[in-house]
Amino acid sequence: MDPTAETDPPSHPAKDRPTGDSGSDDFGDLRQRLDALRARLRAEGATTAGAVPRDESPTEPTSENHQAVPRVIPPPPIVVEEAVERPVASREAMSVSPAPTSFTPDPDPTPQPTPAMSSTPAQNPAIEPDDPVETEERHEAWPTPRNGRTSRQTSTMLLGTAFLVALLTAAGIFGIQRIMGDGGSDTADGTAARAEAAEAATVVSAAPATTAPPTTATPTTAAPTTGAPSTAAPAPAAPGATGEGEAPPEPAEVRQAVRAALNDGGFSDVSIRFTDGVLTLDGVVRAEDVADGYFAHVAAVTGAVAAVDGVDEVVSRLSLRGDETRLRTQLAEIGASGALDFETASAVLSERALAALVDAADVIQANPGLRVLVAGHTDAVGSADVNAELATARAGAVVAELIRLGVPVTRLQVVSYGELFPDADATDAENRRVEFEVAP
Amino acid sequence: MSRRLRRAAAVLLGVALITSACSGDDTARDGTGTPDTTTTRVAAGSSTAPLDTTTTTGPTTTTGATTIVTDGVTVTDDTIYVGVLADLSGPFSGNVIDVVDAQIAFWADLNANGGIAGRSVEVLVADTQYNPVVHQQLYANLVDDVVMFAHSTGSPHTAAIADDLVRDDRLAVPVGWYSGWSDPVLGANLLELGSNYCLESANVVSHLTETHQEQFSETPTIAIVTDAGDYGQDSAIGAKRAAAALGVEVVFDGEGVLQFGADNTDIAAEIATSGADYTWLATDPLTTADLVSKALIAGYRGAWSGASPSFSPRLLDTALGDYLASTWLVSVFFSPLGSDVEGMDDVYRVLQDAFPDRYPSDAFVAGYLEFSVAAQVLERAAELGDLTPAGVEAAAADLGTVEFGGIGPDNTFTGDLDDSAARATALYRPGKSTFDEQGGLGARLADGAVSPFELVADLSVSDVAATMTLDTPCYIFGA
Chain A
1 MDPTAETDPP SHPAKDRPTG DSGSDDFGDL RQRLDALRAR LRAEGATTAG
51 AVPRDESPTE PTSENHQAVP RVIPPPPIVV EEAVERPVAS REAMSVSPAP
101 TSFTPDPDPT PQPTPAMSST PAQNPAIEPD DPVETEERHE AWPTPRNGRT
151 SRQTSTMLLG TAFLVALLTA AGIFGIQRIM GDGGSDTADG TAARAEAAEA
201 ATVVSAAPAT TAPPTTATPT TAAPTTGAPS TAAPAPAAPG ATGEGEAPPE
251 PAEVRQAVRA ALNDGGFSDV SIRFTDGVLT LDGVVRAEDV ADGYFAHVAA
301 VTGAVAAVDG VDEVVSRLSL RGDETRLRTQ LAEIGASGAL DFETASAVLS
351 ERALAALVDA ADVIQANPGL RVLVAGHTDA VGSADVNAEL ATARAGAVVA
401 ELIRLGVPVT RLQVVSYGEL FPDADATDAE NRRVEFEVAP
Chain B
1001 MSRRLRRAAA VLLGVALITS ACSGDDTARD GTGTPDTTTT RVAAGSSTAP
1051 LDTTTTTGPT TTTGATTIVT DGVTVTDDTI YVGVLADLSG PFSGNVIDVV
1101 DAQIAFWADL NANGGIAGRS VEVLVADTQY NPVVHQQLYA NLVDDVVMFA
1151 HSTGSPHTAA IADDLVRDDR LAVPVGWYSG WSDPVLGANL LELGSNYCLE
1201 SANVVSHLTE THQEQFSETP TIAIVTDAGD YGQDSAIGAK RAAAALGVEV
1251 VFDGEGVLQF GADNTDIAAE IATSGADYTW LATDPLTTAD LVSKALIAGY
1301 RGAWSGASPS FSPRLLDTAL GDYLASTWLV SVFFSPLGSD VEGMDDVYRV
1351 LQDAFPDRYP SDAFVAGYLE FSVAAQVLER AAELGDLTPA GVEAAAADLG
1401 TVEFGGIGPD NTFTGDLDDS AARATALYRP GKSTFDEQGG LGARLADGAV
1451 SPFELVADLS VSDVAATMTL DTPCYIFGA
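Order-wise, the sequence lines are chains A and B. If you count by the numbering used here, then the first sequence holds residues 1 to 440, one letter each, in order. If you count by the numbering used here, then the second sequence holds residues 1001 to 1479, one letter each, in order.
Hint data in this document are derived by calculation from the structure and do not stem from the laboratory. Be a bit skeptical, because a hint or two may be false.
[As the list claims (entries may be wrong)] One side only, chain B facing chain A, incomplete, derived with CB under 10 Å:
1) A1086
2) L1088
3) P1091
4) V1123
5) Q1129
6) A1160
7) D1163
8) T1318
9) L1320
10) Y1323
11) G1439
Backbone N, C-alpha and C fix where the C-beta goes; we use that ideal spot for every residue, glycine too.
Input sequences plus hints: build the corresponding full structure.
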């Protein structure tokens, strides 16, 4: 006899629904709403069947779908949930009862933007534009140039270089020696290193150029008992470390030393946050890194920085998943720029699109551990079937270019939305687009 | 106090703590001195009661209450090695990465609380890419180094190593709910968690039929569209059995027609043409997005549901989000993250500490359950004094019924596998408003964000599933 069945007597799920689980929580109500929608669509179709189709572009005789069969497209067949104002349920208040009993106030009642709209840091609660630490994170996350650099990256390099030259000149000889040592050792994460070097250059009593590989580590939250750091001993003073009575290193110095230590250890893609002596490591652990032991790898990363002067505690936030909020935000910016819009009935990438995809490829590569949905859209002119094919072709063109730029095909997935999801506020031209979504 | 002194003090404190935690190890390693005793504490969130078992921690140590035998390779004086064979880059990677990350967080928490019999647990991770051949190769690479596999993604993939597991005296926790795990040979060394695909689809089709009849006084029609193989076809057969038992007409039988990455346009057109009231899917979330959008384009206006791995809350962040929130019924084997069940608070706390900035993925719960059952088996093996692979294998048979504090159905790994199979599944609706209000993909555990799923029907067993015998799998390859 099935023990589960004993504790849960055989019964029908529908009869087991708690009191208050009305039909509105089930497909029955959905069916009613669908029927209502069908009726509405039928009515709209009857009144608009003979309507004159929108002329996408009088100067462009070719329609969106290559066909001369214009069609009035009804609203997308979406049944939207009733717009019920409901604050965020706290975890404590979370109940499986369909009738929530208590809620915590919504700290930000502002409606969330639609995916296509939430493209700026200001719109994304995960990004704090005024937080210098987070700002640093974004810099570090921005991809290192591969074969070619974007204009933005080139500009950053030039500005950084100019800034460095000015600071080096002002800092004097002994400062120059130290700073050049840092800059030379930090090649794998150029942008972040430049920022950190610039910060360090402003401090006369800067930290040593490189930190000696630590032999011991402070305890970490991630690998407390596994690997080398578990046998921690008092960390030897790093060369050039501040002695007793000396001023503690500035946070910028610590970050610089940590970055150098990470680069020396081969962990250049690890992001860092440093606050009040606590160093938080963030980033993606790749499968190839942990074949011999996940905690051993984490211990190696934390051990590489544990002896850096000024670091009191190392916290690992390393994990297998990339930062999907950051990826989503960065890719949405590219999509919202309009660079991936298309001409009527065309799946040919524009020069602007090709340039934008260089950035997109860099963003995807800089955010490992995540897959990307490349979603093709069309305007509503022409037949749905042909528009679906056209949307597929557009997304396919983007995927092909991303693959050419070095993005593994396994990280990309085409989806065709055809004309299903027009942006209501957009023009037809703006709806002939490709957007990126974080793959589920 | 200078920063340097503060750091030194912190390091010394850490050394003191670690020395305390590892004192048993030192004794075992050198075989000298007074054997230290270790109180093995179960990780917060584990459903096992604290063992409070006094043990020695070396294979040859003879003093103390228990001598623990190890092979010195898969379990050493200070480390227990477990394997993870996971799809970290294939079609299910979106959820599987969360599963594995959660499992690792719980192992870390357990290690921080003393480990098992004074040993830390180390996790050897391999990316199988959802490829059965790669899965087998990686199994062969890892098997000599690990005492058990705490995760094995995929039903066909796990089935491919089932015989090897028996031969090699290794256990595995499958992340694939094939009904074949009830087969006494195929499932002998698998620690199945939750129900299975065949029972799941029978439960859901039963629910849809009953509620539809209540609402419309008519029997609904259904389309069944699934992946090929042990996952999709197992699910399809359960759905068809329920349909046959309940008089539901299957207007499109797409058992096994889906393949990841293939063009699904024709299949979507068939769904639309069928006019089914409901479509049952058993596939991956990426294919779900593709198929649903194509079926919409083709004019389909029915509703959807699918096997648990077919859906991910991350779909709510796509352009399909509003549509799916209204037309998809989520089937689950376990309680969603943040549910008001007994064991959830401790689970949530560990995840919150480990991943404060992460989205509240329900897959974390599966990771906890995997960890929980593996940890309990290892702890039982330590209690029995044998942490060799064979000892761990024997411990599973000795474990009895495993409970998860209401997070998932109880599981038993002994006796008749047909009798012991869990049969209950639950149904939820994806709550788009909750998803959006919490910040979408930006929702954070640190802020107390929870699963956006809203309960429709709690864990329960349909009449069809209750009476289904599992002495043979629902789907048998080539049969």
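Checklist entry - If you check each hint against the structure, which ones fail? => result 6 and 7
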